[in-house]
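A.B. asks: On the provided structure of chain A, position chain B as indicated by the hints.
Residue numbers (this note's numbering), protein chains in the order written: chain A, 20 to 381; chain B, 2 to 337.
Calculated directly from the structure, the hints in this document are not laboratory data. One should not assume that every hint holds.
[Said to hold, decoys possible] Heads up, simulated SDA-like pairs for lysine to any residue below, C-alpha to C-alpha not over 20 angstroms straight-line:
| no. | chain 1 | residue 1 | chain 2 | residue 2 |
| --- | --- | --- | --- | --- |
| 1 | A | Lys98 | B | Ser60 |
| 2 | B | Lys331 | B | Tyr278 |
| 3 | A | Lys366 | B | Thr323 |
| 4 | B | Lys331 | A | Thr315 |
| 5 | A | Lys290 | A | Ala329 |
| 6 | A | Lys98 | B | Asp64 |
| 7 | B | Lys54 | B | Ala287 |
| 8 | A | Lys294 | A | Glu282 |
| 9 | A | Lys98 | B | Gln113 |
| 10 | A | Lys309 | A | Ile375 |
| 11 | A | Lys150 | B | Thr66 |
| 12 | B | Lys54 | B | Pro284 |
| 13 | A | Lys98 | B | Val123 |
| 14 | A | Lys294 | A | Cys77 |
[To be verified] Computed beta-carbon distance windows for the label pairs:
| no. | chain 1 | residue 1 | chain 2 | residue 2 | range |
| --- | --- | --- | --- | --- | --- |
| 15 | A | Thr365 | B | Thr307 | 22 to 30 angstroms |
| 16 | A | Tyr320 | B | Asn116 | 22 to 30 angstroms |
| 17 | A | Thr365 | B | Phe313 | 42 to 50 angstroms |
| 18 | B | Val211 | A | Val210 | 22 to 30 angstroms |
Note that beta-carbon positions come from the ideal geometry of N, C-alpha and C, so glycine has one too.
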Amino acid sequence: MVQSPVSKAVLPGQRPSAQAVSYPNGNPDLGYNPTGARNTDSAIPLHRNKAVIHDYTCDGPAAGDLAFRWIHGSNVAAKNRDPRVQVVQYNEDSFVLRQNVCVHWEAPFTYLLFGNTGALLIDSGATAEAKHYPLRETVDAIVTRWCQARGRRTIPLTIALTSGEDIAQNQGLVQFAGRPDTTIVPKPLEVMKRFYGLGGSWPSGTGRIDLGDRVIEVIPTPGAHKDGVSFYDPYCDFLFTGDLLFPGKINIAHDRDFLASLERLKAFAAKSPVKWILGGHIEMMFVPGKYYRRFTIHKPYERVLEMEPALIDEAILYAREVLGKDMMLIRPDFALFNGVSPDQRTKVWPAGVPNITPPFHF
Amino acid sequence: MDRRTFLSYNAVAAAIPLSGVALTGLADAASAAVRPKPVDFRSNPGTGSFPDKWICGSSSCMDNTDPAIQVHWYNPHTAILRQNKAYSYEAPFAPLYFGNNRVLLLDEGYVQLRNDYDLRGVVDQCIEDWCRRNGRDPASMELLVAFTHLHDDHFAATNQFADRPNTRYMGLTHEEMVGFWGMTNFPEERVTLDLGGRDILIWGSPGHVVSEFAYYDSYTQILYTGDMFYRGRCYISFWQPWFDSMTRLIEFCDTHPVTHVMGCHVEISRDGQDYAYGMTWQPDEAPVEMTVQQLREAYAHAQKITEPGIYFTGTVFLCNQTRGTTTIDKNPYRYS
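Next up, chain B with everything else stripped away, as it sits in the complex:
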């Protein structure tokens, strides 16, 4: 099966031999429903807004009463989810993109069990809300559960979707990840995922880890850069692949309109103070979205880097081959 066939393959039909009658019923219901006019994602870019402040933990974790997952609707067709810091210190972000036929969930947070962290329920609710607003049947929407890269804080909750009808999820190996997007030439190849009138451009972005993608949504024009570039400590495990990935991002920004560059975490305050690895309270955290200019500045800064070490670009910390979990903290009680 080639990539195009694979991507346009009807997952419902494919699922029938596995789970039988119930799904057939759903598919019938879906096709019987009168489909309203499709949303036009192509003629206008979808503007939207980020919240002034995300929920960001609390001084005492066990007294945190915020929801496990904050759902922010960036615009009517794009939700951005964020895990609560009191549920996992990694608190990754997770965009949920809606197209006319498919929904794409990128990243799943750092808690596995549904009774600890009901990602599945929240995603189902978002899909239901969107379908109600747009006159669709939730059962007719295929859900793609993917992630940016092969780290457990980005795929831990994937199994919550294992029994969900009309759902495909990414496997946990490099080959399965690349195969999920039908790539044959990782990382240079750029593929287009059609969510139904809404194109997501996907290409390889290794450097933080080997298996990582960059995702560009042609509707909101948000460039989602995963953990290889985010507002915090970018742990660069492999310098040259990372630098090449940065070059690809810059070249992409030269040729495509990009409204925001967005990473998976925030680990820095508005005034540039580092929130150390593992902190569960970030009272003054910086916004998750960055500008293309900030990406370019970081790239310019990266061009001067020749040695392993921690470099601050003004926006992010580039932790070049310092190993994960490194921070710039010092012992505050030192005296002489």
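One chain only, chain A, in its complex shape:
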């Protein structure tokens, strides 16, 4: 490979020349450094004597990717040997965790975000037993490693749920009982509102969770759950919507609230940039409008997790259509179930959407 003339790697013990700019950890302008590498800490000094203070301000969303395929269970669940918690690092301060489908079919996603003064765990998984689903152990390991990289001993952890009542997301909380330096957002609706300072204004207004230069906004979004909230991360420009909007079968608990919450999200997205919407589960397949039924423990044809913000508009449009009616409705990226059984089926196929049947797997 031909060395680029601007690259002047400085060997240990050598003094950098006075006039040339030196890049002790590599020049971020070089072609092989991905866009946004300059926003990461890849150039931090090796030996630090104080905690690194990261600059969370950046133009546009912070770089990162979800390039790994999610673990998706196996045909014979008893023989599954995938990790119980899959950890994908989106960027240095954002982690996406997924529960193994063969531990619990809901296979919820859990998000771990770090700021300069705190960490936030959004949701807690569907299984309480630590030996089946070691969420606490995994989070502790990530926190420890992150603290080492940032030259810290510890960082306070806050645990918040997209819905306190959702048993697919609140079961892992018990593992964190007694964890030092940990705040758990209370589950009962009234106490939770007061915690976020939304006691008087719910469901309008927003709360804040300050992680230190990374302020997560809390948006009340009841509709799929009475106590549903969404979280907005201004660093990665993510909206974490839990069960309200995700690529799957959205069970509407209250259709007017559901519509109002989507409109609130839309208004929010109009004033704050949103790169992706990340929900709590995946149930859709990668062919449009097809989904896995409940209790499936093998989902090889899953759709990707991330949703474009334009999907809020589509969800609003079709939430209006199911408003006040007991019916289900299929869209390419989600399905709405209003007032019907979660196993409801329909023969109505959305117009203009190709009807593709993925191969069945034994």
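C.D. replies: Structure of chain B alone, referenced to chain A:
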């Protein structure tokens, strides 16, 4: 070939042109062995017992350490197999009936591959155990691999028996199924399969699907009703054929002693709670066996049904033309 010839046809002899020398050797060994006194299946009904609790999955599937197939010996000549819920949520039951000359396996579970789910190994082991107890040579016993109806959760593992010597298995079309039992007038015709002193009565029982049989074992007097009547959600695709099949079952029970009515699945708890389609853990599931009285109650209930819908008879859910996988679940988080 008529039905009687077909059923008494020597499968070993028939197999020689296909697979040659090895089988001839087995047949020679079998005939050389001194056959002990045959088991008398006719003079006394074979009483037996079901387990108090079957293995029924676990909260975390990947942590399930139960065997892939639970083998329960109902009595010394009858084994009942059940697939583990962590291997398939359908977890069908599969009776294995032993006669003096033949063994009948009904239903094969919902996993195809032998290295995922070794049905063949378990069945071979059962046959070996039975033969050891009764002084037979396993190679001399013909195995019939059949199923109750043409659904994949009942025949998926059939191919594991494709290379087994001295074995005949049912084909996967309606014509092959009916032909396997030599029926010419499906579903009314009732045929008798002789396993060697042990008669299995077989007749058509459509309704859940078109191609379905009811099996009655004259030794244990268990009436095996497949998926058209079982302890859970009986998905009735075709009402009138199903109702006629029920009538045939009731008429059969009027004229024959029946100890238990047994279906292929359990999808209900002891207190009548529905385990939704696809669940992999049924901690308090109801027993698989039902009484004739429960069958009669369901029939009485069915006589009042005129519309599609889900009806609970006290024992089973009759899902009349609701399409498969329907459950009675509601969204638990609804509020107003």
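A.B. asks: If a hint holds in the structure, say so; if it does not, say that too.
C.D. replies: Verification of the hints:
1. Lys98/A with Ser60/B: holds (15 angstroms)
2. Lys331/B with Tyr278/B: holds (13 angstroms)
3. Lys366/A with Thr323/B: holds (13 angstroms)
4. Lys331/B with Thr315/A: Holds - the C-alpha atoms of Thr315/A and Lys331/B are around 18 angstroms apart, at most 20 angstroms.
5. Lys290/A with Ala329/A: It holds: about 14 angstroms lies between the C-alpha atoms, which stays within 20 angstroms.
6. Lys98/A with Asp64/B: With Cα atoms ~9 angstroms apart, Lys98/A and Asp64/B stay inside 20 angstroms; holds.
7. Lys54/B with Ala287/B: Measuring from Cα to Cα gives roughly 8 angstroms; hence the hint holds.
8. Lys294/A with Glu282/A: Judged against 20 angstroms, a Cα distance of about 18 angstroms means the pair holds.
9. Lys98/A with Gln113/B: holds (14 angstroms)
10. Lys309/A with Ile375/A: Distance ~8 angstroms between Lys309/A and Ile375/A Cα, so the pair holds.
11. Lys150/A with Thr66/B: holds (14 angstroms)
12. Lys54/B with Pro284/B: holds (9 angstroms)
13. Lys98/A with Val123/B: OK: Lys98/A and Val123/B at ~18 angstroms, within 20 angstroms.
14. Lys294/A with Cys77/A: holds (14 angstroms)
15. Thr365/A with Thr307/B: 22 to 30 angstroms: holds (24 angstroms)
16. Tyr320/A with Asn116/B: 22 to 30 angstroms: Between Tyr320/A and Asn116/B, where Cβ atoms are some 23 angstroms apart, the hint holds.
17. Thr365/A with Phe313/B: 42 to 50 angstroms: Roughly 24 angstroms apart at Cβ, these two residues miss the hinted range, so it is violated.
18. Val211/B with Val210/A: 22 to 30 angstroms: Violated: the Cβ-Cβ distance is about 58 angstroms, outside 22 to 30 angstroms.
When each numbered hint is compared with the structure, violations occur for hints 17, 18.
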